[in-house]
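The listed protein sequences correspond, in order, to chains A and B. Per this note's numbering, the first sequence starts with residue 138, numbered consecutively. Per this note's numbering, the second sequence starts with residue 76, numbered consecutively.
No lab work stands behind these hints: they were computed from the structure. Because the structure is a prediction, the values reported are computed rather than measured. Hints are supplied without guarantee of correctness; some may be wrong.
[To be verified] Calculated cross-link-like contacts (lysine-lysine; reagent style DSS-like; alpha-carbon spacing at most 25 angstroms): (1) Lys471(A) x Lys115(B); (2) Lys79(B) x Lys208(A); (3) Lys134(B) x Lys260(A); (4) Lys212(A) x Lys79(B); (5) Lys229(A) x Lys115(B).
[As the list claims (entries may be wrong)] Pair by pair, the computed Cβ-Cβ distance ranges are: (6) Asn83(B) x Asp527(A): 46 to 56 angstroms; (7) Val107(B) x Asn209(A): 15 to 25 angstroms; (8) Thr317(A) x Val107(B): 38 to 48 angstroms; (9) Glu259(A) x Ile98(B): 22 to 32 angstroms; (10) Asp126(B) x Thr549(A): 53 to 63 angstroms; (11) Leu133(B) x Lys367(A): 54 to 64 angstroms; (12) Glu338(A) x Val107(B): 42 to 52 angstroms; (13) Lys136(B) x Asp273(A): 21 to 31 angstroms; (14) Lys210(A) x Gly100(B): 17 to 27 angstroms; (15) Asn83(B) x Glu207(A): 19 to 29 angstroms.
[Stated by the list, open to error] Chain A regions said to be covered by chain B (calculated; three or more residues, Cβ under 8 angstroms): (16) 197 to 210; (17) 216 to 222; (18) 227 to 236.
A virtual CB, placed ideally from N, CA and C, is assigned to each residue, including glycine.
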Amino acid sequence: MEKDLADYSIKLIQDLDASYVEARLESSAVRGFVLKNGIPQISAFDTVLGIGIRFLLNGTMGFVSTNQLEKNKLKDAIERAVKVTKSASRIKEHIEFLEEESYADKYEVKQKINLDDIDISEKIDLFIDADKGIRDEKGIKVLGNFLSYGEEIVKEYYINSDGSKIEAVIPKPNFYYFTTISANNKAMQRYWPYGGSGGYELIKNWDVINLLKEEVRAMKTMILKGEKVKKGYMDVVTGTQVTGIMCHESVGHPCEADRILGREAAQAGESFIDKDSIGMKIGSEAVTIVDDPTVEGGYGYYKYDNEGIKARRKFLYKNGIVTEFLHNRETSAKLGTQSNGSARASSYNREPLVRMSNTFLLPGDYKEEELFEDVNYGIFMKNFMEWNIDDKRLNQKYTGSECYLIEKGKITKPIYQPTLEITTPVLWKGVDAVANNLECHAGPCGKSEPMQSLPVWLGGPSMRIRNVWIS
Amino acid sequence: MDYKEIANYIKKRLIEKKVDDLIVGIVNSNAVQAKFTNNKISIMQSWDSVDIGVFISLKKKIALTSIKDFT
Chain A
138 MEKDLADYSI KLIQDLDASY VEARLESSAV RGFVLKNGIP QISAFDTVLG
188 IGIRFLLNGT MGFVSTNQLE KNKLKDAIER AVKVTKSASR IKEHIEFLEE
238 ESYADKYEVK QKINLDDIDI SEKIDLFIDA DKGIRDEKGI KVLGNFLSYG
288 EEIVKEYYIN SDGSKIEAVI PKPNFYYFTT ISANNKAMQR YWPYGGSGGY
338 ELIKNWDVIN LLKEEVRAMK TMILKGEKVK KGYMDVVTGT QVTGIMCHES
388 VGHPCEADRI LGREAAQAGE SFIDKDSIGM KIGSEAVTIV DDPTVEGGYG
438 YYKYDNEGIK ARRKFLYKNG IVTEFLHNRE TSAKLGTQSN GSARASSYNR
488 EPLVRMSNTF LLPGDYKEEE LFEDVNYGIF MKNFMEWNID DKRLNQKYTG
538 SECYLIEKGK ITKPIYQPTL EITTPVLWKG VDAVANNLEC HAGPCGKSEP
588 MQSLPVWLGG PSMRIRNVWI S
Chain B
76 MDYKEIANYI KKRLIEKKVD DLIVGIVNSN AVQAKFTNNK ISIMQSWDSV
126 DIGVFISLKK KIALTSIKDF T
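Okay, chain B solo, but in the shape it has when bound (with noise of 0.2 angstroms):
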């Protein structure tokens, strides 16, 4: 899937609905935690994800969106 793609897709839309303000950002981030208890690891855990956030203004109001479904 390409994220820019939609990113710019929302940024076309928004600016055809004539909006003061906005910013689209895409943050792809890969993570991975081990967590220790007492010395020894308790779990470890890996985080994958894709957040497309999108922030407009418009007469004054602020709107925000947090998009993390991609299907």
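Next up, chain A with everything else stripped away, as it sits in the complex (with noise of 0.2 angstroms):
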């Protein structure tokens, strides 16, 4: 890497008289295949390196990347970048930076099995093998299943003014299946991500011909003997797929301290909490929910931010209460408090933004069987076929795809895409017992414009929500 490119660009826009510079060298290299029904249709390779640069000029943020990184190149990007941000400064928004504490560090995420030592053809085999195996599933008709196989390797060297040099290497591998079939005139769609921070074990760990298997096998049991329920509200006992989704999309979004300023309003949407909501009951007691980089393996796993803030746990909700927003410097400084490490940047050529990382709910002391025992007539959603939220992120729905009627404390038979259709506080007020069942998720998390897409994990474990609508 041309680490020596970055130390040259924080000093010459320091000499330019800004009050801070940072600097994000990064290479990545993904390869990646799809298949459609079984046949290879596209390999890619990409292999990625380039510099970003962001800095505070009189309280005008400015930002310039580019990947031609010869010397002269680089410090005319950087002259025209300095110079538009000045042009900006009339009507400029007065951004500051608090003093933080500076890191000089590096780290890696060690894979098990490296990703470069299984040739390509053996990993496009086992996919291959997975959507062979759930076609051998009598009684279905498969109408479409996309496998989507894809792995980068990101190195990354950071330096700011504040004298923080950190450099992290971090591999990702992932898959998703996007799947449909049909039986009984009826058809059921299923996509569901998985992915990771390590080597090719978690690939393995996966399973991945069994999991497609174990999958289409729920589907057609919904599509040929799930029931519709009858409307009305009941108790629900959400899977730890659907806790996840809860997690990210009605408590992760809108904490996010960018969105409750505004700063993302026109792109990403906005939030149903102000800055004074710290504090509000939101839940209860049982909702405890964390956003956490620092959990190993997670997909959304980093050990420094990319403001170079050391990562931490931090209690979005606890105890059913507002506790703690996301915040990148920016906004952390509007608030008066400091960053908590949650600024990240999809790729070299975007600005750091306030994002999750692996966002879960802690898990309580039952046995998921044991939140099914106290319901007399309810529903059991697994795991989710569809979601949405409004902008605000307090109005929201789930339609369950594996599904189950629960009577009397007893599963009693496969329902067919249900609806939850609820508030953010009436669904976390509603949670009264949780179990010990954490599994976390993966999946890809939108923001801004220009788009940056963002691995992350959102999960938690099973829990049950008292008294809700279901259509």
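Both chains are given apart, each in its own frame, so use the hints to dock them into the complex.
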């Protein structure tokens, strides 16, 4: 990596009177392929090396990126960026960063099985076998099966004018399936991604072939035996995937301080939470939701964020009370606090924004089956097919995929695609019991313009929500 | 750096490998964005990039590559 160019950039912009400068040199190698109905369609191999530099000039924030890593071209790009940033100073939003601790560190996520040691043909064969596996299932027709495999190894060299110098190497393999089956004149679709930080051992642990077979068997049961539930208020037990998406969409996003301050209103949206909401009761005692980049193996893992701040666990809701927002250096300074290390950029050519990492509900003491015992009439929504949520993250709905009726404490029969419609406070105030079966799931989280898609984990254990509207 | 030369080299090597079809494209772009928040500029962003994209088909299979590393 051209580390000297990052050092050079810092000095050059400091000499142009910047109060703060950071440079992020990033290389990434991305490989992947897609299979459509078992046939390899596209293989992709991307290599990227570039530098992104952000700076503060008299309270105006500027950002420049380039992958033309020749000193004279870099100098030209920086000088042009400084000029346009100065031109904005008349109508700028005054931005300041508070003093933060600086760090010098180097870290790497180890691969137990190196991604490079497994031939691409072996990886393709695994997914061809996974496709064949679901076609052996009797009594259904596979209308479409789309499998995507990817792996990305990102190497970062970060420095800033406060004295931080951090090097990181993080490999992230991932895959997802998008499967459509039909039977009995009904069709059903499921999409679900898997991802983490580590090596090929993650792919082996996910047991892709059996995972897909089990998924398709569950879909078949829902199509052939699932009954429509009668609309009404009832108790709901959510499985880990449903708990996870709820944590991400209705807790993580509204706790992003840039949304709260309106910084991303036109792109990502706003928040029902305002800057004075710390201490507001939003859920029951059973609800403690964290965002934690330091979870090893997590798809959203990092040790330092993209502003050089040391990562730590953040308690967004603690025992049902709004406790902490997700902050970068800009938002924390505006709200008079320190950054909690939530700044992430999807690539060298994107500014760091306030983002989630691994967001999940902390587990309780119940076994999952104990959550059913106290339900007279309700449903178990094990996973979901679709969801949507409004701009302020207040009103939302989740349509179940694999779901079952609970009667007098027992699971009795499959239910076909029930929909939970709810607001964020009703959802989290309704939670009266949380199980101990914590699971985290991968997802791509999108935000801003230009779009930044980032890997995250979302998760939690199964939980019970009392008396909510199901249609 | 002469990006056309790199593109021509890639084309030549792929023809030697007897691919059925190929496209090599160079995109050199400069862009500026003023991001407004509540009628004030919250950031001025400048992007300068070169991207060589390669598409090949071989025995009815497709492969894509994007090169943004010119070191």
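Here is how each hint holds up against the structure:
Under the criterion of a C-alpha separation no larger than 25 angstroms, the hint pairing Lys471(A) with Lys115(B) is consistent with the structure, at around 15 angstroms. For the hint linking Lys79(B) to Lys208(A), the alpha-carbon distance of about 20 angstroms falls within 25 angstroms, and the restraint holds. A hinted pair counts as satisfied when its Cα atoms are at most 25 angstroms apart, and Lys134(B) with Lys260(A) qualifies at roughly 20 angstroms. Taken as a hint, the Lys212(A) and Lys79(B) pair is honoured in the structure, with Cα atoms around 23 angstroms apart against an allowance of 25 angstroms.
Only pairs whose Cα atoms come within 25 angstroms are accepted, and Lys229(A) paired with Lys115(B) is accepted, the gap being roughly 5 angstroms. For Asn83(B) paired with Asp527(A), a C-beta distance near 52 angstroms keeps the hint of 46 to 56 angstroms intact. In this structure, Val107(B) and Asn209(A) meet the distance hint of 15 to 25 angstroms, their C-beta atoms being roughly 20 angstroms apart. Range check, Thr317(A) to Val107(B): Cβ separation about 43 angstroms, and the 38 to 48 angstroms hint holds.
For Glu259(A) and Ile98(B), the Cβ-Cβ distance of about 29 angstroms falls inside the hinted range of 22 to 32 angstroms, so the restraint holds. Against the hinted window of 53 to 63 angstroms, the Cβ-Cβ separation of Asp126(B) and Thr549(A) comes to about 57 angstroms, which satisfies the hint. Checked against the given bound of 54 to 64 angstroms, the beta carbons of Leu133(B) and Lys367(A), roughly 56 angstroms apart, stay inside it. Separation of Glu338(A) from Val107(B) is about 44 angstroms and conforms to the stated range, judged on CB atoms against 42 to 52 angstroms.
Checking the proposed 21 to 31 angstroms range against Lys136(B) and Asp273(A) shows it holds: the Cβ atoms sit about 25 angstroms from each other. Distance hint check for Lys210(A) and Gly100(B): the Cβ-Cβ separation is about 21 angstroms, which falls inside the suggested range of 17 to 27 angstroms. Remark: the range hint 19 to 29 angstroms for Asn83(B) to Glu207(A) is upheld by a beta-carbon distance near 20 angstroms. Coverage of a stretch by a chain is defined here by at least three residues with a beta carbon nearer than 8 angstroms to that chain's beta carbons; for the stretch 197 to 210 of chain A and chain B the count is 12, and the condition holds.
Requiring three or more residues with a Cβ within less than 8 angstroms of a Cβ of chain B, the coverage given for the stretch 216 to 222 of chain A holds, as 4 such residues are present. With 4 residues having a Cβ less than 8 angstroms from any Cβ of chain B, the stretch 227 to 236 of chain A passes the three-residue criterion, so the hint holds.
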